[in-house]
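J.: These are the residues of each chain, in order.
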Amino acid sequence: MRKLLLLALMLFLLAAPVNAQEYTAPEAPKEALELMPVERTTFGQDLWTVVKSAIAKFQPELTAAVGICIALVTVTMAVSLVNGLPGKPGKTVELVGVIAVAALLLQQTGSMVRAGTETVSALSEYGKLLLPVMTAALAAQGGITSSSALYVTTTVFNTVLTTGISAILIPLLYCFLALSVASCATQQSVITKLSGFIKWLCTWLLKMSLYIFTGFLGITGVISGTADATALKATKLTMSGMIPVVGGILSEASEAVLVGAGVMKTAAGTYGLLAVIAVWISPFLQIGIRYLLLKLTAAICDVFGVKPVSDLIGAFSEAMGILLGITSAICIILLISLTCFLKGVG
Amino acid sequence: MQSIKEYLLGVIGAAILCCIVTQFAGKEGILGITLKLLTGVFMLIVLVAPVTDIRIRPMNIFSDITADADQITSTAANSSRESVAGIIKEQTQAYILDKANTCGVTLSVEVTVSEGEIPEPVSVTLSGKVSPYNKKILTQTIENDLGIPSEAQIWN
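Line by line, the protein sequences give chains A and B.
Numbering follows my numbering, in which position 183 of the first sequence is assigned residue number 183; successive positions increment by one, without gaps.
Numbering follows my numbering, in which position 51 of the second sequence is assigned residue number 51; successive positions increment by one, without gaps.
Looking at chain B on its own, in the form it has when it is part of the complex:
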């Protein structure tokens, strides 16, 4: 800001000086015309000289901003996926518990969901006392309704 102020004052000072010189010399005659030309050149030098000192540095911001964008979107997408996975886990557990209650069985259920882009229930751990008949019914229900194969169903 200081340099701008100096520049501004310099231009105003030069303009005043030129004005006084041309006022005294008058507009006509060789002296008048020459002084007008000289003051014009002088004003141009005063105006343009500081501009030549400006140095433009290349900016390498694009790659940094793109990297930031990738990080923000991937974090948000992961967080969103985790939220969906959490809901799927809860809903699937609730579904199995509901089916177990229908059979008159009390169980504790722990569902694991896949790590892929679309989270799906892949395995389940079931704990509690259950008769072989009810176990068979529940195993088939989980396999048919939820797509969890009997091998991925762990009964404790």
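The shape of chain A in the complex, shown without the other chains:
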């Protein structure tokens, strides 16, 4: 009985939690989890597993995209053939062609825009879960000022950009598509110029937000990193001035905690990087391949000499390009921020 009690006591002691803060990355969203490697190896190999899984999952989408492009070429060929018939039906046939192309592409573009906005939202939500973990791990490692500055900058940009995308950029993208359809249908130069302006505005807004983010992060990183490095040096100096035995114990204890926090931060950060890429890669491939295929289709359709139709296909490919930028912007912000968290103090 006594042995049994001793055994139970030993088991209880073994099961007792270790008195240390743990920093683990939140689990990736369900769709991204399917792409994540089951067993972690090196970052490069894990990344390759994510990319391979995304490409394998993407095959049926490619077939559908190619099908739409073939339909677009067929419509353009038909318009070109009817245009060549005697009687010169001219603008009316081109108008029908533009409407047919718009009908073929609007549904696909709508689903791509939905996929893009869902990805932006998923990335933003995952970032909101991951960033506090990385902030706490970096603060535990001694980077209190750096972690705070990184968290504030990334979260502010994440929130502003996510709101801006849903409130400004997506409506502008639809506006650009509407203007492109109107411009190709009416062939009025003022509408063409307006649609060009909206396209420029979308790309400018995205570029500027990324420039400001990286610039701001760079400046605050240098300032806060120096402050943390100085604080750590001051602490080490204080420890070296202590009684040797106490100083030695204190130095070892601090080192153990800092190394522990650093190891957990690296593990959480690399998982977070993979999770962010896994969330982003599928929609990126979907939109990216459509962008390339539509560019190719526009070039092929140009051969048939139906300018409004080929211009409209080109405009839809440009819309896909803007959508690609929108979807990637939040991902880039998170990747840059996570890399800065992983770099640590100094």
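Careful: at least some of the hints might be erroneous.
As the list claims (entries may be wrong) - Here are the simulated BS3-like pairs of lysine-lysine, each with C-alpha atoms no more than 27 Å apart in a straight line:
(1) A:K295 <-> A:K91
(2) A:K91 <-> A:K207
(3) A:K193 <-> B:K99
(4) A:K207 <-> A:K57
(5) A:K207 <-> A:K193
(6) B:K129 <-> A:K233
(7) A:K128 <-> A:K207
(8) A:K52 <-> A:K30
(9) A:K236 <-> B:K129
(10) B:K36 <-> A:K307
(11) B:K99 <-> B:K89
(12) A:K199 <-> A:K343
(13) B:K89 <-> B:K36
(14) A:K199 <-> B:K36
(15) A:K91 <-> B:K135
(16) A:K57 <-> A:K343
(17) A:K57 <-> A:K30
(18) B:K99 <-> B:K129
Because the hints were derived from the structure by calculation, they are not lab data.
Assemble chain B onto chain A, guided by the hints.
T.: Just chain B, lined up with the frame of chain A:
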């Protein structure tokens, strides 16, 4: 999304209407030029009118996020400090027990560490049977090696 769809359909509908009107009127003559101008103005109104309804609300997120950052970093720093304090307490106790064993004394030791930014051992409670000679040696060792003054050493 519904309003965007309505806007998109409205613009496409207006474009088709303009196209038909200009097609019938032709491009030349006063009627053609006037209709082209009118359809242009009409298209502009259809395009720009919904934009005027957009209201931009000021966002007051910065202060909330800064407060969150302060809370996260202070919690992590406190937790880190507690971990360091725990290790220091254990290591200091182990050091005293080792010195007591060298003297051939069996003791139970409880070290208290300071609450400051850098946790240091500030007091110790020692329990067990010990001769006055060994007590003197241990008191001096703790004072010299660990910086805990004899007044902060409680012997039970």
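J.: Work down the list of hints and note, for each, if the structure agrees.
T.: Outcome of the hint check:
1. At most 27 Å may separate the alpha-carbon atoms for a hinted pair to count; K295 (chain A) and K91 (chain A) meet this at roughly 24 Å.
2. Restraint check for K91 (chain A) and K207 (chain A): the C-alpha separation of about 38 Å exceeds 27 Å, so the hint is violated.
3. Proposed proximity of K193 (chain A) and K99 (chain B) is contradicted: the alpha carbons are some 87 Å apart, above 27 Å.
4. The hinted pair formed by K207 (chain A) and K57 (chain A) fails the criterion: a straight-line CA distance of about 30 Å is larger than 27 Å.
5. For the hint linking K207 (chain A) to K193 (chain A), the alpha-carbon distance of about 21 Å falls within 27 Å, and the restraint holds.
6. With a CA separation close to 44 Å, the supplied pair K129 (chain B) and K233 (chain A) exceeds the 27 Å bound.
7. The straight-line distance between the Cα atoms of K128 (chain A) and K207 (chain A) is roughly 23 Å, inside the 27 Å bound, and the hint therefore holds.
8. Restraint check for K52 (chain A) and K30 (chain A): the C-alpha separation of about 17 Å stays at or below 27 Å, so the hint holds.
9. Simply put, K236 (chain A) and K129 (chain B) have alpha-carbon atoms about 39 Å apart, too far for the 27 Å limit, and the pair is violated.
10. Our distance criterion of 27 Å between C-alpha atoms is met by K36 (chain B) and K307 (chain A), whose separation comes to about 21 Å.
11. The suggested pairing of K99 (chain B) with K89 (chain B) holds, with an alpha-carbon distance near 16 Å, which does not exceed 27 Å.
12. At roughly 36 Å between alpha-carbon atoms, K199 (chain A) and K343 (chain A) are farther apart than 27 Å, so this suggested pair is violated.
13. The suggested pairing of K89 (chain B) with K36 (chain B) is violated, with an alpha-carbon distance near 87 Å, which exceeds 27 Å.
14. Simply put, K199 (chain A) and K36 (chain B) have alpha-carbon atoms about 25 Å apart, close enough for the 27 Å limit, and the pair holds.
15. Between K91 (chain A) and K135 (chain B) the CA atoms are separated by roughly 109 Å; this puts the pair beyond 27 Å, and the hint is violated.
16. A distance of roughly 33 Å separates the Cα atoms of K57 (chain A) and K343 (chain A); the hinted pair therefore is violated under the 27 Å criterion.
17. Restraint check for K57 (chain A) and K30 (chain A): satisfied, since their Cα atoms lie roughly 14 Å apart, inside the 27 Å limit.
18. At most 27 Å may separate the alpha-carbon atoms for a hinted pair to count; K99 (chain B) and K129 (chain B) meet this at roughly 15 Å.
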